[in-house]
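With numbering that gives the first Met the number 0, the residue at position 330 of the sequence shown is 329, and numbering never jumps.
Certain hints may be false.
As the list claims (entries may be wrong) - With a Cα cut of at most 16 Å, we get these calculated EDC-like pairs of lysine to aspartate or glutamate: (1) K193 <-> E137; (2) K177 <-> E149; (3) K321 <-> E514.
As the list claims (entries may be wrong) - Label-pair distances were calculated between CB atoms; the ranges are: (4) Q122 <-> V303: 46 to 52 Å; (5) E362 <-> G419: 54 to 60 Å; (6) D463 <-> K193: 54 to 60 Å.
Hints listed in this document are in silico derivations from the structure and should not be mistaken for laboratory results.
As the structure is a computational prediction, the values presented were derived from the model and not from experiment.
Heads up, the beta-carbon is just placed ideally off N, CA and C, and yes, glycines get one too.
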Amino acid sequence: MKSKRKIITLFVVVSLIWVIGTDYLLLRWEPELYSFYQKIKGIVFIIATSVFIYFLLNKSEKINILTEEKEKVETLINSIPDFITFKDADGRWIQSNQFALQLYQLHQIDYVGKTNSQLAEEQPLYENELLAANESDERTWERGHTTRSEETIPLQNGKTKVFDTIKTPLFTEAGDRKALIVVGRDITERITAKQKLAESELRYKALFEHSPELVYMIDLSGKITNLNKHFKHVTGYNEEDGIGKPLIDFVDEKDHVRLKLKFHRVITNREVVQCSEIKIKHRTGKKVIVNCASVPIIINDELVGITGYANNITPIIEAEEKLRTTEKLAVVGELAAGIAHEIRNPLTSLRGFVQLFQSQSKEENPIHRIMLDELERINMIASELLVLSRPQEIIFTQTNVSQVLSDVVQLLSSEARAHGATLHFTEPIPLYVYGDKNQLKQLFINVIKNATEASACQISASIDLDETNQSITINIADDGHGMTEERVQRLGEPFFSQKEKGTGLGLTVSHKIIEQHNGTIHYDSALGKGTFVHVTFPIYKEHQGH
0 MKSKRKIITL FVVVSLIWVI GTDYLLLRWE PELYSFYQKI KGIVFIIATS VFIYFLLNKS
60 EKINILTEEK EKVETLINSI PDFITFKDAD GRWIQSNQFA LQLYQLHQID YVGKTNSQLA
120 EEQPLYENEL LAANESDERT WERGHTTRSE ETIPLQNGKT KVFDTIKTPL FTEAGDRKAL
180 IVVGRDITER ITAKQKLAES ELRYKALFEH SPELVYMIDL SGKITNLNKH FKHVTGYNEE
240 DGIGKPLIDF VDEKDHVRLK LKFHRVITNR EVVQCSEIKI KHRTGKKVIV NCASVPIIIN
300 DELVGITGYA NNITPIIEAE EKLRTTEKLA VVGELAAGIA HEIRNPLTSL RGFVQLFQSQ
360 SKEENPIHRI MLDELERINM IASELLVLSR PQEIIFTQTN VSQVLSDVVQ LLSSEARAHG
420 ATLHFTEPIP LYVYGDKNQL KQLFINVIKN ATEASACQIS ASIDLDETNQ SITINIADDG
480 HGMTEERVQR LGEPFFSQKE KGTGLGLTVS HKIIEQHNGT IHYDSALGKG TFVHVTFPIY
540 KEHQGH
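All chains should be modelled from the sequences, with the hints used to inform the complete structure.
The following block contains the structure:
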């Protein structure tokens with residue numbers, strides 16, 4: 000406005016000087032040519048005025064264009080859903096868009112030319128934010144380049160908005176401060192979504208990691224992409240051993256087809272599929288059975304993988320098997336209690352008569368020997384039935400298991416040679432368990448006799464002490480004909496035997512002895528590769544005897 004007044008004043012002054020000055024000079028120097036020069040002066044004045052008006056109109060046109068451009072820019076920045084503010088080198092507000100004015104409630108305030116501190120006095124609600132902006136403005140000037148930060152602005156309704164604020168400093172060619180451009184984008188929804196996502200991830204992580212079941216994820220090719228810690232409990236392998244490998248590698252071969260069909264159904268129908276009693280290959284070779292549930296992972300309506308939940312039901316199945324065995328033992332006990340003594344009474348008479356016939360016979364009759372052998376076998380069966388039917392008196396003491404096993408090996412060496420087998424045992428240092436010597440001896444006799452009768456040529460026995468000195472393992476190995484997996488699983492069941500004259504009660508008694516001594520038994524066997532029996536007992540501790 001001041002520059003326009005100066006231009007108009009200058010034009011009026013110059014015009015007056017021109018009109019009055021030239022008239023005075025013409026009248027004084029050339030009065031006779033005054034009329035001629037007056038016309039020339041008028042022409043010159045018209046030309047000068049035309050030039051002035053031309054430049055003035057040209058300037059006005061440029062101003063109009065700039066005004067239109069300014070209006071376009073203002074329309075543009077006002078349509079942007081971000082707050083935009085321009086400040087001069089001293090931090091005074093030059094211009095702001097409508098979003099910024101609404102945000103800081105500056106509609107009724109003449110904000111142009113005022114600093115943040117001055118506006119803070121007029122808008123106490125935003126005092127802290129405006130004063131904090133002073134500090135961030137100064138940091139931007141000091142750094143000399145664009146800075147970025149998150150600013151939280153309170154709203155009148157008590158809520159807040161978070162802005163991603165970008166401040167860009169402008170400098171003159173001499174390096175002096177020129178202007179500061181402030182642009183802030185509302186990222187409240189993004190921050191809220193990020194927080195919800197983080198909370199969701201935490202809940203998912205807690206559910207995934209702390210689930211009482213094995214939880215795994217596989218891609219569409221069947222490879223494991225994620226696991227929780229229960230993978231080791233179920234398979235014996237660490238998580239890093241499983242990730243990246245096909246899940247099917249940890250499943251028994253007999254269940255491969257069934258599991259693949261279930262996965263195909265999940266992928267095809269995008270539905271939850273249950274799969275019961277899947278056998279898992281444990282690192283130690285023991286049997287692990289799980290029930291599985293497969294859930295499709297769908298992201299943006301696209302199937303990207305499968306989440307699986309595996310519940311280890313091995314303890315339940317073992318408990319059911321143990322219950323069935325117990326029921327069988329109960330039946331055996333009832334039968335034994337009722338008939339064992341009745342069998343022995345006539346058995347004694349029959350044995351006596353056969354021996355009498357044998358002594359009176361002038362010639363040796365092989366029938367007598369066969370009858371005595373069969374009567375002895377009946378007596379042995381009755382004895383085993385009595386063991387199962389009535390509680391045995393067990394005296395737990397500190398027992399040298401090395402010595403017990405050594406005695407059994409010496410006792411059975413001759414019988415093993417009679418079957419064409421050689422029995423090896425190197426007695427280790429004395430190792431003690433808390434148990435009954437006679438029952439442990441019966442256990443070792445049963446296991447070694449089974450090895451002897453399995454067409455073995457070499458039978459070896461050894462004792463190992465674990466690294467933590469918490470347990471002792473007795474290992475008995477033979478190179479006999481071995482057993483199938485199905486047969487191994489049924490070992491210990493009453494009356495289950497594939498021997499010609501076996502009753503199946505020997506291992507039943509053995510398993511009962513092991514259970515009474517808080518031990519475990521494990522079989523490794525395959526047809527044509529012999530059998531390895533591992534019996535583990537807790538090592539003796541002083542407080543056990545008190």
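Quick rundown of the hints versus the structure:
1. K193 <-> E137: Violated: K193 and E137 sit about 30 Å apart, past 16 Å.
2. K177 <-> E149: With a Cα-Cα distance of about 24 Å, the restraint between K177 and E149 is violated, given a limit of 16 Å.
3. K321 <-> E514: At roughly 11 Å apart (the allowed maximum being 16 Å), E514 and K321 satisfy the hint.
4. Q122 <-> V303: 46 to 52 Å: Check passed, 51 Å falls within 46 to 52 Å.
5. E362 <-> G419: 54 to 60 Å: Violated, since E362 and G419 (Cβ atoms, about 32 Å apart) do not stay within the stated range.
6. D463 <-> K193: 54 to 60 Å: holds (56 Å)
In this structure, the hints that do not hold are numbers 1, 2 and 5, in rising order.
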